[in-house]
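If you read the protein sequences in the order shown, they are chains A and B.
Quick note on the numbering used here: the first sequence kicks off at 75 and runs consecutively.
Quick note on the numbering used here: the second sequence kicks off at 109 and runs consecutively.
Hints may be right or wrong, so weigh each one.
To give an idea of the interface, some chain B residues facing chain A are shown, with a C-beta separation under 8 Å as derived from the structure [as the list claims (entries may be wrong)]: (1) Y172; (2) E215; (3) L362; (4) P363.
Restraint ranges, calculated between C-beta atoms of paired labels, are given here [as the list claims (entries may be wrong)]: (5) B:D408 to A:R189: 37 to 47 Å; (6) A:W348 to B:R398: 29 to 39 Å; (7) A:S310 to B:Y330: 33 to 43 Å; (8) A:P377 to B:R149: 56 to 66 Å; (9) A:W348 to B:H168: 24 to 34 Å; (10) A:Q121 to B:L323: 48 to 58 Å; (11) A:Q121 to B:A185: 33 to 43 Å; (12) B:A233 to A:S130: 27 to 37 Å; (13) A:S536 to B:A185: 36 to 46 Å.
Think of the hints as simulated: they come from the structure by calculation, not from any bench.
Idealized CB from N, CA, C, for every residue including glycine.
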Amino acid sequence: MRIAWDEYPAAASFDELIAPGGSPRPGASALLEFLSALGPQELVTRQKAAEVAIRSMGITFTVYHEEGGSIDRAWPLDIIPRVIALDEWRRIEAGLRQRARALNMFIDDIYHAQRIVHDGIFPRAYLADSVNFRLQCVGIDPPQGIWAHICGSDLVRGADGTMYVLEDNLRVPSGVSYMLENRQVVKRVFPEVFEAAGILPVDDYPSQLYDMLRALAPAQLEHPEVVLLTPGIYNSAYFEHAYLAQQMGCELVEGGDLAVGDDDVVQMRTIDGWRRVDVIYRRIDDLFLDPEVFRSDSSLGVPGLMRAWRAGKVALANAPGAGVADDKLVYTFVPAMIRYYLDQEAILPNVPSYLCCEPQHCEYVLANLDTLVVKPTNESGGYGMLMGPQASELERTQFAQLVRQNPRNYIAQPVISLSTTPTLVDGGIEPRHLDLRPFILSGRQVQVTTGGLTRVAMRKGSLVVNSSQGGGSKDTWIVDTSVDHALARS
Amino acid sequence: MLSRVADNLYWMARYLERTENLARLVDVSASLMLDLPQRLRPGWQPLVSITRNEEIYGEHARDYSEKSVVSFVVSAAKNPGSMLTSIARAREIARSVRDILPREVWEQINELYLYVAEHAAEAAAKRTRYAFLGHVTASTQTLTGMFEGIFSEGDALSFVTIGRNIERADMTSRIVDVRAAAMMAAVNAEELRPFETVLWMSVLRSLSGYQMYRLKTRARVYGPGVVRFLLAEENFPRACVCCLRRVEEVLHRLPNSQALLRRVARMRRAIAHTQFEALEQSDLHGFIDRLQLSLARTNDELARIYFVGHSAPVSTITAISA
Numbered sequence: 075m076r077i078a079w080d081e082y083p084a085a086a087s088f089d090e091l092i093a094p095g096g097s098p099r100p101g102a103s104a105l106l107e108f109l110s111a112l113g114p115q116e117l118v119t120r121q122k123a124a125e126v127a128i129r130s131m132g133i134t135f136t137v138y139h140e141e142g143g144s145i146d147r148a149w150p151l152d153i154i155p156r157v158i159a160l161d162e163w164r165r166i167e168a169g170l171r172q173r174a175r176a177l178n179m180f181i182d183d184i185y186h187a188q189r190i191v192h193d194g195i196f197p198r199a200y201l202a203d204s205v206n207f208r209l210q211c212v213g214i215d216p217p218q219g220i221w222a223h224i225c226g227s228d229l230v231r232g233a234d235g236t237m238y239v240l241e242d243n244l245r246v247p248s249g250v251s252y253m254l255e256n257r258q259v260v261k262r263v264f265p266e267v268f269e270a271a272g273i274l275p276v277d278d279y280p281s282q283l284y285d286m287l288r289a290l291a292p293a294q295l296e297h298p299e300v301v302l303l304t305p306g307i308y309n310s311a312y313f314e315h316a317y318l319a320q321q322m323g324c325e326l327v328e329g330g331d332l333a334v335g336d337d338d339v340v341q342m343r344t345i346d347g348w349r350r351v352d353v354i355y356r357r358i359d360d361l362f363l364d365p366e367v368f369r370s371d372s373s374l375g376v377p378g379l380m381r382a383w384r385a386g387k388v389a390l391a392n393a394p395g396a397g398v399a400d401d402k403l404v405y406t407f408v409p410a411m412i413r414y415y416l417d418q419e420a421i422l423p424n425v426p427s428y429l430c431c432e433p434q435h436c437e438y439v440l441a442n443l444d445t446l447v448v449k450p451t452n453e454s455g456g457y458g459m460l461m462g463p464q465a466s467e468l469e470r471t472q473f474a475q476l477v478r479q480n481p482r483n484y485i486a487q488p489v490i491s492l493s494t495t496p497t498l499v500d501g502g503i504e505p506r507h508l509d510l511r512p513f514i515l516s517g518r519q520v521q522v523t524t525g526g527l528t529r530v531a532m533r534k535g536s537l538v539v540n541s542s543q544g545g546g547s548k549d550t551w552i553v554d555t556s557v558d559h560a561l562a563r564s
Numbered sequence: 109m110l111s112r113v114a115d116n117l118y119w120m121a122r123y124l125e126r127t128e129n130l131a132r133l134v135d136v137s138a139s140l141m142l143d144l145p146q147r148l149r150p151g152w153q154p155l156v157s158i159t160r161n162e163e164i165y166g167e168h169a170r171d172y173s174e175k176s177v178v179s180f181v182v183s184a185a186k187n188p189g190s191m192l193t194s195i196a197r198a199r200e201i202a203r204s205v206r207d208i209l210p211r212e213v214w215e216q217i218n219e220l221y222l223y224v225a226e227h228a229a230e231a232a233a234k235r236t237r238y239a240f241l242g243h244v245t246a247s248t249q250t251l252t253g254m255f256e257g258i259f260s261e262g263d264a265l266s267f268v269t270i271g272r273n274i275e276r277a278d279m280t281s282r283i284v285d286v287r288a289a290a291m292m293a294a295v296n297a298e299e300l301r302p303f304e305t306v307l308w309m310s311v312l313r314s315l316s317g318y319q320m321y322r323l324k325t326r327a328r329v330y331g332p333g334v335v336r337f338l339l340a341e342e343n344f345p346r347a348c349v350c351c352l353r354r355v356e357e358v359l360h361r362l363p364n365s366q367a368l369l370r371r372v373a374r375m376r377r378a379i380a381h382t383q384f385e386a387l388e389q390s391d392l393h394g395f396i397d398r399l400q401l402s403l404a405r406t407n408d409e410l411a412r413i414y415f416v417g418h419s420a421p422v423s424t425i426t427a428i429s430a
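Isolated chain A (complex conformation):
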């Protein structure tokens, strides 16, 4: 039985694969034809094959339970890929590069002359209240002037087809390993289509990451020691830490493996004695990095690490303090930053935002809570938000109280009706909402992953894509449309 795409339920949202009327979007025709010929039953069979592959490849993420300890769950993947045409992707890629450049310049400026503050573009008061601004980082010159070496920006598409940046994750963004593994799995279950459809390969991210990290080594060493610092097996991203360490061929270390001597050199404890460490890809938040400087109760970090970093004896990626730009209030200034530092207009727009710390905005927000999403400025993972339209009257009243108590802590945005894509649900195909997280590496040059991690809300109508809250994922195809068209014609 063939799949009839014209019966695919059209929603008010933009669909990534199917235009109104059932015709394919650019780049999607070969895929839709392939899926259609496969039929729904075969699709279910292949979905099962993918789940078996995920189990046997051991692709998991960790959920922590009070009673059961940490539990490894199989990574959720929906096998129907999400497609972006190459020419659109080129524009997105350029937008992300531009953004990463401006953000790094902003961070470097904030920890030095603060020109952007003196020139009246970024208000001093916002900086003073920023929880991720680190006084300890003022005046430091990290290698190449780069602070956020690894950035994961979340993109969403609105009903009119516009691709917006929703947030920039500059602290310890995760998900890239799943992007790579999703491709491995989908190649296994859909080998036929990869031969023809003009799908760009996902780049060799671990090599790029390793080369970028290596180039940060303080001395010009031929074989600098690069390590990945993990909080350990209870962290929800532990799979990714182990995966990247393995792929890069570097040591996966915990805080207890490292020590800093009086000479400010970082060493790791091996069976053959102490060995010098030159570059640390740290997947631990700032506040847990060094109990001498930040939280003294942290057992995850390394006493003296900040001392070593400030002395230039070790490179940290991302640099401590980079999170100052990972703040939803700062986010609202990114288009202005791009104008200020690069003298360019932003290629990718922000979602329009209201700052609750601005009295006029705040008044508007409080009066329109039923149509807005209100977000805390320094949370991640989708926690602590108010989804106005879905909330009860009581929840809205309580949230209004929170906003009044601490307006600096909130911004509000109109609800973006996230775009949808065909997704396998109970043996049928239905539209589900999704977003996209590409990863941007900033070193001597700026590199963007080909596509990114597509996350999809598996519940009907839901806009929550986080895997910790029941979200799934998809392989992301960047398709060269010249090849795709030729294929569709033949």
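Chain A is fixed; fit chain B onto it per the hints.
Only chain B this time, still in chain A's reference frame:
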């Protein structure tokens, strides 16, 4: 190699080996009960003695019934030496060194843990016990095969090998000690005499050593012969001397191992030169005590040279010798 990783690999191997040994112990104790007349059965208490958890057992149950003892040894979460605790610890540690373990090894450990957690109750019932224990033993043997077959030689494998053999030597010596004591000290020793062969055969079987014993000695099964075989047989993989030889072999490849090598060689010579036929039971007990103390010191020495500064899981051996 990172000290923490070496430490973890060592303990992972010990916990896996412990899981297998516990399965063997329960299996052979059960079959021994079936072989002896009821009034002569040693009961289930020796199982608790071998795992050296009498104190915790007191909180677990009042009597030494089959059901209480087996569930204590196999599935009790409160027993730090139970099979379930051991495999759970092995799995937790394996997760932390996942980046260097072959994927198949991690999956096998994970599946064994899930199996034990789900089926542990089957060990308590006579009818299902055999299949359950057989599966556990086969799974751990598969793991041993994987380490042999798909894991590159090097520091990582060295620490796995040391962990497995130290644990194995420790458990073999405990089994010999407890069973020999039970046999000699029995009040109705005279009555037990006709069944002595059966008892020693069960000891050999618990270590899969019966056939190898026959092939090696070509003699009937008798106490001092079995003790000699299990402690001093160069070529039987579960005999203490053989375990120590394997530890020595890999120690040669590790840095800073001279002092350890000397200690292990001393232990090996002491066992090889003992005349087991001439030992009284009390002498044997003293001998095994010293052997275990020396194993515990080896464990501490390993920690001092290679793992120091990292919190290691509680060592049962160290806890006892302290």
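A quick look at each hint next to the structure:
1. The closest approach between the C-beta of Y172 (chain B) and any C-beta of chain A is roughly 31 Å, which is over the 8 Å cut-off, so the hint fails.
2. Because the smallest distance between the Cβ of E215 (chain B) and any Cβ of chain A comes to about 6 Å, under 8 Å, the interface hint for this residue holds.
3. Residue-level restraint check for L362 (chain B) holds (minimum Cβ-Cβ distance to chain A is 7 Å; threshold 8 Å).
4. A least Cβ separation of about 5 Å between P363 (chain B) and chain A falls short of the 8 Å threshold, and the interface hint therefore holds.
5. At about 60 Å, the beta-carbon gap between D408 (chain B) and R189 (chain A) misses the expected band of 37 to 47 Å.
6. Between W348 (chain A) and R398 (chain B) the beta carbons are some 36 Å apart, a value that agrees with the proposed interval 29 to 39 Å.
7. For the pair S310 (chain A) and Y330 (chain B), the supplied restraint of 33 to 43 Å is violated, since their beta-carbon distance comes to about 59 Å.
8. Judged by the Cβ atoms, the range 56 to 66 Å given for P377 (chain A) and R149 (chain B) holds: they are separated by roughly 59 Å.
9. A hinted range of 24 to 34 Å is violated for the C-beta pair W348 (chain A) and H168 (chain B), which are about 45 Å apart.
10. The hint said 48 to 58 Å for the Cβ distance between Q121 (chain A) and L323 (chain B), and at roughly 54 Å that hint holds.
11. Range check, Q121 (chain A) to A185 (chain B): about 37 Å between beta-carbon atoms, so the 33 to 43 Å window is met.
12. Range check, A233 (chain B) to S130 (chain A): Cβ separation about 32 Å, and the 27 to 37 Å hint holds.
13. Our hint of 36 to 46 Å for S536 (chain A) and A185 (chain B) holds, since their Cβ atoms are close to 37 Å apart.
This entry does not satisfy hints 1, 5, 7 and 9, going by the numbered hints stated previously.
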